[in-house]
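Visitor: Now for the letters of each chain:
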Amino acid sequence: MKIDITEHNGAKVFSLSGDIDLYSSPALRKELIFFIGKKVPLLLVDFRDVSYIDSSGIATLVEGLRGMMSHGGKLKLFGIPERIVEIFAFSKLDKVFDICGSLDDAVKD
Amino acid sequence: MSAAMENAIEVTGLRTHYGQREILKGISISIPRGKTSVILGGSGCGKSTLLKHLIGLLRPTEGKIAINGRDIAAMDEEELNGVRRKMGVLFQGAALLNSLTVAENVALPIREHARLNESTVMIMVRMKLDLVGLSGFENFYPSQLSGGMKKRAGLARAIALDPELLFFDEPSAGLDPVTAAGLDDLILKLRNVFGMTIVVVTHELPSVFTIADYVIMLDAGEVIFSGILDDLRNSQNERVRMFLERRPETRTYSPDDYFRFIVGD
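Protein chains in written order, with my numbering: chain A, 1 to 109; chain B, 1 to 265.
In case anyone wonders, no lab produced these hints; they're calculated from the structure. It is possible that part of the hints are untrue.
Here are the computed lysine-lysine pairs in the BS3-like style, where the Cα-Cα straight-line distance is at most 27 Å [unchecked claim]: (1) B:K86 <-> A:K2; (2) B:K64 <-> A:K92; (3) A:K30 <-> B:K86; (4) A:K95 <-> B:K189; (5) A:K92 <-> B:K189; (6) A:K92 <-> B:K35.
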């Protein structure tokens, strides 16, 4: 997995690519915890180039969501491939996360 | 994808013995990737022995067991452990560790194979427990659970690492029909959503007709059928028909054979 971190209209954008799995989740967690510590108001995760996510990846995002909520920030996911949306739905997390179609949708309140 | 890789498992000429007794008589089977395959057969036909070979618990006398193209029968323990990380197994009696809570049992393979933060592990554990309908039972011990709940806890542990290959040994054994149907439903979902390759050893016909994409039937250590459900229903093989129609076996001994048997010759 590769993480590119950029800014877009004041939001931090995590662009993830490749597999988010047991081996790469700890790196994602580290970055999320860093920006949660800085109390960023909006963190967007771009899934367009994610090929696979396992339970450790989903659990890491759940931790990220909890961390963002603790200071009143928002974490949104966008560009999730259909197959991965199904995994979120199966884990009943499609309603827990704010899932948007595109970056533009995600920056709108 | 090559034809070989369309099959997650290829078994060739598998022969195995318990002592002098031959259990599997040189069988060859293929398990298609991303499908649910059921290994069917009566008691003592060798199906549980076959399962133990597929997960690398037993070594064959002869033959190859290729998983993702690599023969596990020729692997050392370390290589085999690498393959096992991609496998989940629900054993017949669930095989939970009684001294650990349900959550600790489910966390066991995660802690064994990965270096994750404890809070990540616990979220994973709760997600898996919720999936099998055991939310809120994290701190229970196996002795405090019913048979069906133990099985579901065993399944949560089997899927803890999101395995590519998931094996079930008699999943419905000892369960009431409603719990058994719930387990079948979960097996279907795991295949559909995660594309897991699922292998179920059973003799429960209702379950076979609910979950199977592909059926392999064993009798006395030999494969007597392999194919899709429609072909199973239409099979004219006498042993297959006996099984499907639940006809009892009438074994006829000659008086001489019977005499030799009871005197122990």
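Visitor: The structure should be examined with respect to each hint, and the outcome stated for every one.
Guide: Results for each hint:
1. B:K86 <-> A:K2: Status holds; Cα separation ~23 Å.
2. B:K64 <-> A:K92: Violated, at about 41 Å.
3. A:K30 <-> B:K86: Holds: K30 (chain A) and K86 (chain B) sit about 26 Å apart, inside 27 Å.
4. A:K95 <-> B:K189: 19 Å, holds
5. A:K92 <-> B:K189: 13 Å, holds
6. A:K92 <-> B:K35: Cα-Cα ~24 Å, so holds.
Of the numbered hints listed earlier, the single one contradicted by the structure is hint 2.
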